[in-house]
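Enquirer: The residues making up each chain are set out below.
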Amino acid sequence: MTAMHTAPRTGAGGNTTAHGGAVPAAGAALPSERDGGRRRQRIRQQLIAWAFIAPVAIYMVLFYAWPLIRNLDLSFRDYSLASFITGEAPFAGFDNYIEVFRSPTFWPALWNTAVFTFGSIIVQFALGLALAVFFYRRFPLSTTLRALFLVPWLLPLLVSASIWAWMLNSDSGVVNAALAVFGIPQVNWLTSPQWSMVGVLIANIWIGIPFNLVILYSGLQNIPSEVYEASALDGANGWQTFWRITFPMLRPVSAITLLLGLIYTLKVFDIIWIMTRGGPGDSSTTFAIWSYRLGFGGGSPDLSPAAAVGNLLILIAFVFGIIYIRTQRRTGDEL
Amino acid sequence: MTARAKRILTSVVGVILTAIMLFPLYWMINVSLTQPDRLRKDPPDLFPVNPTFEGYTRVVQDQLPYLFTSFVVGLGTVVITLALAAPAAFALAKLRPRGGRVLDFVMLIAQMIPGIIMAMGFYLIFYSWGLLDSIPGLILADSTLAVPFGVLIFTAFMTGIPDELISAAKIDGAGAWRTFRSVVLPISRNSVVTVSLFAFLWSWSDFIFASTVNRGGQLQPITIGIYRYIGNNTQDWNAIMATAVVASVPAAVLLVVAQRYVAAGVTAGAVK
Chain A
1 MTAMHTAPRT
11 GAGGNTTAHG
21 GAVPAAGAAL
31 PSERDGGRRR
41 QRIRQQLIAW
51 AFIAPVAIYM
61 VLFYAWPLIR
71 NLDLSFRDYS
81 LASFITGEAP
91 FAGFDNYIEV
101 FRSPTFWPAL
111 WNTAVFTFGS
121 IIVQFALGLA
131 LAVFFYRRFP
141 LSTTLRALFL
151 VPWLLPLLVS
161 ASIWAWMLNS
171 DSGVVNAALA
181 VFGIPQVNWL
191 TSPQWSMVGV
201 LIANIWIGIP
211 FNLVILYSGL
221 QNIPSEVYEA
231 SALDGANGWQ
241 TFWRITFPML
251 RPVSAITLLL
261 GLIYTLKVFD
271 IIWIMTRGGP
281 GDSSTTFAIW
291 SYRLGFGGGS
301 PDLSPAAAVG
311 NLLILIAFVF
321 GIIYIRTQRR
331 TGDEL
Chain B
1 MTARAKRILT
11 SVVGVILTAI
21 MLFPLYWMIN
31 VSLTQPDRLR
41 KDPPDLFPVN
51 PTFEGYTRVV
61 QDQLPYLFTS
71 FVVGLGTVVI
81 TLALAAPAAF
91 ALAKLRPRGG
101 RVLDFVMLIA
111 QMIPGIIMAM
121 GFYLIFYSWG
131 LLDSIPGLIL
141 ADSTLAVPFG
151 VLIFTAFMTG
161 IPDELISAAK
171 IDGAGAWRTF
181 RSVVLPISRN
191 SVVTVSLFAF
201 LWSWSDFIFA
211 STVNRGGQLQ
221 PITIGIYRYI
231 GNNTQDWNAI
241 MATAVVASVP
251 AAVLLVVAQR
261 YVAAGVTAGA
271 VK
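First to last, the protein sequences are chains A and B.
Take 1 as the starting number for the first sequence in our numbering and just add one per residue.
Take 1 as the starting number for the second sequence in our numbering and just add one per residue.
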């Protein structure tokens, strides 16, 4: 290790040797042979590089691509319990998709997915941004408190969902007890169709605040302090500074935060499943919940329609995923 | 108001905000210590009157096998993640493979795939491979939560290692593997810690894979332990919350031991 630390000095211009570490050995050969040697060298380099990558590449094919392909295949077949035994399922074309579109659950699930996703990310973002601006003014304990804010994000989702399920319990929940102090009558957060979506939204927003806080805080840190000094000299007040400087300069980071939040929220399953199972009725059923309920929700598994619902979800996720990657490419340098 | 007083006032506001944010955690601990017959009291006790450890006794009686399973699955996930992600990231960062950018892109996309879709695919595949309801199957499924993240974090870190160091090792006669093992890996210790912590935590927290590819398994992780409690006896929130407290321990440890890595992990996952 120590010998290696001193070595760079002898091997000056280390950057250029990346491709030709063993060049001295080939140095004695004739120019034409040297070219061939270099090409062989480059091929060797590539082989070595891909030897390192091969395990992950194979893994990605086996454990990402293959499940997705099986899932796609599944959605175009009529997979029944007998299929598990025979290993065969008749081709069904778009039947599963048609069944899904015609299902009375389709429109409520689409609406709920939109409400849950946008409701979550907008409130998470607003609260996360407010907190990031708050913590940006350093004050005694600020680092410790900011770290504590991360806790909800690290807890197993199942734990958070259980806590909120009990806190929002109609009869014995602490939330209703607190509302009763202000004379508000009992709200059936998780057991009434009007409120179940609000109930799961509250829990999901709570879980998402830390993520927004951390990313937006790091975005704030990247705004050069000269800008603030200049605005202070011009006599801007806090409110003006926020809307005229902080907010516009945070635009790229905000876009990424919102898009990532969107992609993550589309996937949310645990929280809703634990708190309401998508009910009562379909009142809190999103696409993720619907897919799981068809496939594994008890009773006989209806894997093919479940896969069709899942593929619709993935289509939505991919659209936003591509927007995210394009946004990130464009703003990557500014971060 | 003096600047000092203002700063202290800000701290007070900060403490109050944090208290509001962490109230659900307090409530979890409070309920875990509440006597079962006082659970349905209206209004509920704001702090445990006559605290009881009955809930925790139940955890020890019922949940130890679940906790142990989660621990084993978590470790397995960490091993797979490190073994696959670190070498690949080294190649992506330092060996300039052709098609490396495509792989980077695949890793980004992979993280966006909803778990339920993976779960259904795994269910069929594991069925034909005989991995359904087994611990190795669950470890493999859980590892998909962390491998792409690991590759991205390691690549981001290893790109920052000076090229001079790599070529120096080469001049000293070290092959690519030697360079990776003896030079790159030791320097990357921090990112190894970050990736391991997240891999463990995500596997520990997983519910969707446990409840699908391992739904009939003999050995079940702690998330299923809690889920069964909730399903079986909704009356027993004292024991449910005690289990939740125990299941939260790894997250707490992670935050105390590795706070700066956690924030780094959140931002790196998003920005890099």
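You may find that some hints are simply not true.
[Stated by the list, open to error] The following label-pair restraints were derived from C-beta to C-beta distances:
#, chain 1, residue 1, chain 2, residue 2, range
1, B, K41, A, Y136, 25 to 33 Å
2, A, Y136, B, V253, 23 to 31 Å
3, B, T57, A, R329, 53 to 61 Å
4, B, W129, A, V181, 52 to 60 Å
5, A, F247, B, I8, 22 to 30 Å
6, B, V102, A, I85, 34 to 42 Å
7, A, T144, B, Q61, 48 to 56 Å
8, A, I98, B, I187, 32 to 40 Å
9, B, T57, A, L179, 47 to 55 Å
10, B, T57, A, V227, 54 to 62 Å
11, B, F47, A, R251, 18 to 26 Å
[Stated by the list, open to error] Coverage of chain A stretches by chain B, computed from C-beta distances (three or more under 8 Å per stretch; other residues unrestricted):
#, stretch
12, 103-113
13, 140-148
14, 157-167
Treat the hints as calculated values from the structure; they're not laboratory data.
Because the structure is a prediction, the values reported are computed rather than measured.
Glycine included, each C-beta is placed from N, C-alpha and C at the ideal position.
Enquirer: Determine whether the Cβ-Cβ distance between T57 of chain B and L179 of chain A falls within the hinted range of 47 to 55 Å.
Expert: violated (34 Å)
Enquirer: If I claimed the Cβ atoms of W129 of chain B and V181 of chain A lie 52 to 60 Å apart, would that claim hold in this structure?
Expert: With Cβ atoms ~57 Å apart, the hint holds.
Enquirer: Confirm or reject the claim that F47 of chain B and R251 of chain A have a C-beta distance inside 18 to 26 Å.
Expert: Check failed, 45 Å falls outside 18 to 26 Å.
Enquirer: Using the Cβ atoms, figure out if T57 of chain B sits within 54 to 62 Å of V227 of chain A.
Expert: holds (58 Å)
Enquirer: Within 23 to 31 Å or not, the Cβ separation of Y136 of chain A and V253 of chain B?
Expert: holds (28 Å)
Enquirer: Go ahead and decide if the range 25 to 33 Å is satisfied by the Cβ distance of K41 of chain B to Y136 of chain A.
Expert: For K41 of chain B and Y136 of chain A the Cβ distance comes to about 42 Å; the hint is violated.
Enquirer: Taking 34 to 42 Å as the stated bounds, is the beta-carbon spacing between V102 of chain B and I85 of chain A within them?
Expert: holds (40 Å)
Enquirer: Please check whether the stretch 140-148 of chain A has three or more residues whose CB lies within less than 8 Å of a CB on chain B.
Expert: Check passed, 6 qualifying residues.
Enquirer: Per the coverage rule (Cβ-Cβ under 8 Å, at least three residues), is the stretch 157-167 of chain A covered by chain B?
Expert: holds (count 10)
Enquirer: Starting from the hint 48 to 56 Å, judge whether the C-beta atoms of T144 of chain A and Q61 of chain B obey it.
Expert: Violated: the Cβ-Cβ distance is about 36 Å, outside 48 to 56 Å.
Enquirer: Could you tell me whether the CB distance from I98 of chain A to I187 of chain B stays inside 32 to 40 Å?
Expert: Since I98 of chain A and I187 of chain B have Cβ atoms about 56 Å apart, the given range 32 to 40 Å is violated.
Enquirer: Just to be sure I understand the hint, the distance between the Cβ atoms of T57 of chain B and R329 of chain A should be within 53 to 61 Å; is that true here?
Expert: About 55 Å separates the Cβ atoms of T57 of chain B and R329 of chain A, which means 53 to 61 Å holds.
Checked against the numbered hints above, the structure violates hints 1, 7, 8, 9, 11, 12; every other hint is satisfied.
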